[in-house]
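*Asks:* Residue numbers (the numbering used here), protein chains in the order written: chain P, 1 to 303; chain G, 1 to 256; chain U, 1 to 312.
Be aware that one or more of the hints could be misleading.
Across the chosen pairs, the derived CB separations fall in these ranges [what the hints assert, rightly or not]:
id: 1; chain 1: G; residue 1: Q212; chain 2: P; residue 2: T173; range: 55 to 63 Å
id: 2; chain 1: P; residue 1: M177; chain 2: G; residue 2: N36; range: 27 to 35 Å
id: 3; chain 1: P; residue 1: P195; chain 2: G; residue 2: P108; range: 50 to 58 Å
id: 4; chain 1: U; residue 1: T5; chain 2: G; residue 2: S19; range: 57 to 65 Å
id: 5; chain 1: P; residue 1: W88; chain 2: U; residue 2: G130; range: 42 to 50 Å
id: 6; chain 1: G; residue 1: P108; chain 2: U; residue 2: M272; range: 34 to 42 Å
id: 7; chain 1: G; residue 1: Q195; chain 2: P; residue 2: K290; range: 47 to 55 Å
id: 8; chain 1: G; residue 1: T130; chain 2: U; residue 2: V290; range: 58 to 66 Å
id: 9; chain 1: P; residue 1: L93; chain 2: U; residue 2: G136; range: 46 to 54 Å
Source of the hints: derived by calculation from the structure; they are not laboratory data.
Ideal Cβ positions, reconstructed from N, Cα and C, are used throughout, including at glycine.
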Amino acid sequence: MTASQLFLQQLSNGLTLGSIYALIALGYTMIYGVIQLINFAHGEVFIVGAYAALCVMSMTSLQAVMPWWLLLGLAIVVAMFVSALLGWVMERLAYRPLRTAPRLNALITAIGMSFFLQNALMLIFGATDRSFPNWVPAVRWDIGGVTLTLMHIIIWVSSALMMLGLHFLVMKTQLGMAMRATSQDQKACYLLGIPVNRIISMTFMIGAVFASVGGVLFGLNYGTINFHDGYMMGLKAFTAAVLGGIGNLPGAMIGGLVLGILESMGAGYLSSQWKNVFAFVILVIILIFKPRGLLGERVAERA
Amino acid sequence: MLRIDQISKRFGGVQALDSVSFELKQGQVLGVIGPNGAGKTTLFNCLTGVFQPEQGQVQLNNPKRDLVGRRAETIVKWGISRTFQNIRLFSGMSVLEHILVGGYTQTPYGFLSTVLRSKNFHRQEYEVQTQAYALLELLGLEHLKQQSAVDLPFGLQRRLEIGRALAAQPKILLLDEPAAGLNPVEKQELLQVIQAIQKRGVSVILIEHDMQVVMPLSDWVVVLDHGRVIAQGDAVSIQKDPQVIEAYLGKASEDA
Amino acid sequence: MTKGTVTFFAISVAVPLVANAYQLDVLTSVLIYAMLALGLNLIVGLAGLLHLGYAAFFAIGAYTYALLNIHWGWSFWVGWAPAVLIAALGSGLVGASALRVRGDYLAIVTLGFGEIIRLIFNNLDQWTGGPNGLLGIAHPTLWLPQGMYDFSVKSLPYYYLSLVLLGGVWLFCHRLSHSRLGRAWMAMRDDELAAACMGIPVLKMKLLVQICGGAVAGLAGAFFAAKQGTVTPDSFDFIQSVMVLSMVVLGGMGSMRGAILGAMLLGVLPEMLRGADQYRMLVFGLSMIVMMRLRPQGLLGRSHKESQLAAH
């Protein structure tokens, strides 16, 4: 493999990983945008989506009556639904009562939530890796020594489409306008009759939907899922959100891609053993030196 | 004792302070008045190291010290302490603890003294506690010493803030609208407290809207408007100054 | 020292009369957690800095002592000191680099540092044994008039040693909290600006509290290594940090007795739910959520006025 082939191969791997980071990072950034909470449990929402899809896909009775792509589609819909429900319940039961409480309380609740979900998943699905059916045909193209798989292309295209959709939703619809308004000034929104609580619920649910799609793509691409994948992927997606500037939607997408590419370059050129260290070092450096992120918009420093 | 010389501070497009100069003399009470947004609190923030002015000098005499560019904690050590317009008490601490925190600069013992409970530690703790009880008595708060400060009624919270600032044994005390939100009885008590402070030889700079508080107390009055000093003088002459009446008193009556 | 403290230590001294070896082992690990909870309470409870990487300094203490013991034969009686110093230094360095980061961003930065430090121990195979860790750390010994006494794998000596160490940590933390330093930490926790305007050097105090907290974790780490005889990186993961944090939160942030109570409850509870070990983490998570909802100040904590804290 030549140097440029290695580079391109790692670039394509990085884009794939980065697309998934971006899908999760959007949720972090949207939720932070409206209520300034780092929803620590968002990584678990992601992996819950993957597990929900796995459950549907493993049902032999459905496998008998449906072609694979229809069942996969159904699995994605169920995953979205389950994650959105989880996002809604989480906000309603755990975070809403704390909205006026000190922010550290909400953060501690979020950590507790993450732990709770992680261990609930472990109890339900076991601590070992679960294999995820790889139904996407293993079509691959060899372009100048670089392998492109159908799976990669599906991930790129579907995450790009979802992000476009989100952009449209936030910029063009009434709901999106209300979300942007809520993130600016909650009190004023109350006074203007915007149903702030419903907007916040919706934000959690939309974030969860994106994460769940990320979860399904993650499972399809890597072939196995584990209950603690949510924690690691969640942290890295959070890093991506911070990298792009938390509260900033295009920032989360770019941050996700940049982190994914940096990480796979690091793994390709340095060593894969150190790739997590690499991601954490980026996280720490950004938070210390550039807490507003690369696109820097929102002032992150709040006590 | 304190000379403020041509200080300016800008926030974006707003000139919050524009070449402000005045002088506080030993033992004086100096009133700073002016309409809302005139830059009064910004002035305090520039004097206490919370903000740094872009231009100008703030000089403390005897010993001579330059305050511009210093951190808040250094300025306290040099003898200037303050209260806040929106009361800023420590929500998890008792009344007594507030006064003890105020005495932070009066207890310079270090880490090792703390851990080893050295003689220094015991002596200084004894002193700061004694001082705290005396201050609580002066302010009439001694029976509330174990109470959580944020449970106090508003008037007493203001008084506790003054006590906390006094515990730093300042030469100059900056009070930011101490009468705001007080009822007439509490205002009278406040007047007495400030007079008692003055008697102890502490100079006071007082930001206040309430003329019935500022005028009887102040030896010297500085009037700010849009960040500029539009007049200064003793209380009587300020009340007659046509510019002041227009800028401040005039506007106040319009608001009402 | 209050009556409660004396009673606690008196009961603890008497416990071995009725407890068997297994129970003593459990209690010893509770006492280690109690030290960690007291140390973290300084940082989180007293100074209000949410720290999510505390286990890293526990690790630094453990690895420092383990390396000193394995390569140079340092005994526990001297080896604990460098473990404490290096853990304090590590904590100070982390603190110094994150001095201007606040609130939940600080939480994430400390989490990041915690993971980096753990991964470094995990990846530096040639020095730390990688994921397999370090083996063969000698057990402490004492020279008594009757001859040498080896702690070996007995339970009783470790129990008493950990009790003595906890006593030391308690004294250290108690003296710090009841001093100008402790008051300064509380003040800056509640309102940084007001604290600075009372003459408190906020940045220095933030650094100091992290150094002190790191030192305590280092001591606990050295003892842990001496007792286990082995150290592996997975004893110091994020879960460990969160476990200690939930002890502090459960007991009541800022309360030393609360920290010990939290360590006892969360340390002993899973043992009482024997056979239900896998529910342990579930219970941790749930207890944090429920606690924040119902009694955010913890079991023994002082209540904070929410409106005041939320205001800035």
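*Asks:* If you check the beta carbons of G/P108 and U/M272, does the distance land in 34 to 42 Å?
*Replies:* 49 Å, violated
*Asks:* At the C-beta level, are P/W88 and U/G130 separated by a distance inside 42 to 50 Å?
*Replies:* 43 Å, holds
*Asks:* Return holds or violated for the Cβ distance of U/T5 and G/S19 against the range 57 to 65 Å.
*Replies:* 60 Å Cβ-Cβ, so the 57 to 65 Å window holds.
*Asks:* Okay, P/M177 versus G/N36 on CB: inside 27 to 35 Å?
*Replies:* Holds: the Cβ-Cβ distance is about 33 Å, inside 27 to 35 Å.
*Asks:* Verify the CB-CB distance for G/Q212 and P/T173 against the hinted window 55 to 63 Å.
*Replies:* Between G/Q212 and P/T173, where Cβ atoms are some 56 Å apart, the hint holds.
*Asks:* Could you tell me whether the CB distance from P/P195 to G/P108 stays inside 50 to 58 Å?
*Replies:* Between P/P195 and G/P108, where Cβ atoms are some 56 Å apart, the hint holds.
*Asks:* Cβ-Cβ distance between G/T130 and U/V290: within 58 to 66 Å?
*Replies:* 45 Å, violated
*Asks:* Between P/L93 and U/G136, does the beta-carbon spacing fit 46 to 54 Å?
*Replies:* Hint holds: Cβ distance 49 Å, inside 46 to 54 Å.
*Asks:* Does the Cβ distance between G/Q195 and P/K290 fall inside 47 to 55 Å?
*Replies:* Given about 52 Å between the Cβ atoms, the range holds.
The earlier numbered hints that this structure contradicts are 6 and 8.
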